[in-house]
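Protein sequences appear in the order of chains A and B. According to our numbering, the stretch in the first sequence is residues 1 to 287, in order. According to our numbering, the stretch in the second sequence is residues 1001 to 1433, in order.
Don't read these hints as lab results, they were simulated from the structure. Any given hint could be a false lead.
Claimed, not checked - Within a straight-line C-alpha distance of at most 20 Å, the following computed EDC-like cross-link-like pairs (lysine to aspartate or glutamate) qualify:
id	chain 1	residue 1	chain 2	residue 2
1	A	K157	A	E147
2	A	K231	B	D1101
3	B	K1105	A	D228
4	A	K231	B	D1109
5	A	K283	B	D1128
6	B	K1105	B	D1128
7	A	K134	A	E192
Chain by chain, the residues:
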Amino acid sequence: MKTKLAFAALALSMSVVFAGCSSDKEKETADTSANAQTAGSEASVDDKLKDVLEQYRQFSIEQSDQLIVETEKFAEAVKGGDLEAARALYAPTRMYYERIEPIAEALGNFDPDIDAREGDVDDAQWRGFHRIEKGLWVDNKTAGTEEFADRLLSDVKSLRALMETVKVDIPMLTTGAVELLNEVSSSKVTGEEELYSRTDLYDFVANVEGAKKIYELLKPELAAQDADLEKNIGEKFTALEGLLAKYKSGEGYVAFTELKEEDTRALSQALDALAEPLSQMGKAIGV
Amino acid sequence: MTKPTDKVKENRESSSGKTNISRRDLLKMAGIGGAGLLLGGAGIGALMKSKDGGSVFASSSPADGYHEAIPFYGDHQAGVTTPAQDFVVFASFDLTAASVDEVRKLFQDWTAASAIMAQGGMIGDDNDNLNVPPSDTGEAAGLQPSKTTLTFGVGPSFFDSRYGLADRKPAELAELPSFGGDALRPEWVGGDIGVQACANDMQVAFRAIRNLARIARGKATLRWTQEGFQRTSGSDPQGGTARNLMGFKDGTGNPDVNDAAKMNEVVWTQSGDGPSWMAGGSYMVVRRIRIRVEVWDRSTLGDQEATFGRHRASGAPLSGKDEFDKIDLERKDEKGKPAIPMNAHIRVAREDNVQILRRSYSYSSGLDTRTGQLDAGLLFIAYNRNVAKQFIPMQRRLAQSDALNEYIEHNGSALFACFPGVKEGGYIGDTLF
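The following block holds chain A by itself, in its conformation from the complex:
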């Protein structure tokens, strides 16, 4: 959560603007940001890669659409008292959120509302996925979590509405891809994300998929600017995906508790091996 807030602040300073802002206002936001010194080149990179930005916008909207659909099913199971169904839907539903987390975080206060873990916020304020997770796995019942299911659904719908207005720029993508992996590094690979359901690997995979989407969209430009880096990142994605595939179980993934220390260490090192070159993407494409 701490890193999330830092990213949100950074992203906001980098010209996340909402419908209704005039183009002059947009420009002002960029110029007064901490990135004023590179504002010129930023604009040109954004211009050059405007198709990439549009494709990413579509991707994040698709993911948030799907998040609503799946959250509706999840909320239904919770409110219908079907514990098994609710547990089964919990982790797969979250993946739609985890893939676009940096964007969601850039849109204000959604992340704490949707994704706060116990202790991240005051108990009185605590809601979202993890509040329901605790009910399903600690209290072993759906009763008591119904209101949180309703709130969650309304929160993801509000998120979706704001998605429409988000203006994504290239630094946001290059930083966001790394941020997704940092999320894994700081909580998922240590099993601190899903304390009760132990479904950390679902989040892990979704964060990696979200980062990969950004890489794939930037790949042609990256290949043109720094072919070695593009190849290196691709290889490291393959290596990490290969490791993650070992933990597949049916449609999903094994519980985090089944991983041994050497497993998490190998995953963490493969993640670092990917995240370091990934963090050079921005430099290569000239942000």
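Given the coordinates of chain A, work out where chain B should sit on it, guided by the hints.
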């Protein structure tokens, strides 16, 4: 950041094949080699009398080069005969590189970064673009080079089937045998690559390993690390032999690093010793030796001195009065017993007069969570020309009969073949691959 200055250049010119000895280093070695041989040509300050009548050099910190740069390039790697700086960060890496070309690239990148860090410079040219991660991690920005040395070696596993280098593995680079009393823990054993980073500033030393690990991402991962320290020069301006955490002077018996012939005999691998790529290199032994601090502290001074074979206060052998008195193994005490007990550390260590160059540091790594006791001890680092003829027989003997064994536990171990020095334009390991 500090650019190479005239002083640095002068060091570089004078350093090919020779060790630069600063004023303070002279102080340290005065005892080791005898002060007399050091007086000629060194251009150092006046002698003065110490309280106990022995001759020592006057100390004055600004002139002693404490923070200066030690050139990375040279005939031999720096950090071996370089008098021990105040701090070490040792790091063992495992390779994950897909090909030998990638390994070479890693060593080339490490070479460039190491040469810059030795001069106190910043790595890379992306340290001011707000939109990308800085190329240098930054914690040494504005700091002096602080005698940073980076010493690289490769372990036995470097030559397994992965990179096609098996036929170039020196016979001497076998895994160390297990010694009696070894209690090795997998988390502190082995590694494909060993790097000893030393500096007179802990932050500077840490920064070096951190940046090497960062550069290695995707090609090598850290396997284990250990930080070490000794008393700093500020605390001991006269530069006497450092004490280990048992309270005893450690390193008194080291060979004189200023004696080039001796170094060729004891430390540097000679052409004809083994594969030609190792000529001018050395074998680095690393042992993480925990001291059972709590047990040691409740032993009597008499027992402690009998264990080492030296007096704690002076460092003198029990057969003599001054630290550098010759160790007389034959001498008997008034009861007719050997003055230096038969199982005393110094007797067992030098029984057949084999020498190695020790460059050890103390370590403290918090608590052993199982017992709540201190995890502290000695990060033993030693260089020798032929590990089978020097370190191994010595350690075998110590493991069998050293009285110290009651108070220590070897829980980490690694052996690395350290390359000869890197020439400017070359790279670490370029004699090998």
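* Asked: Going through the earlier hints one by one, which of them does the structure break, listed in rising order?
  -> 6
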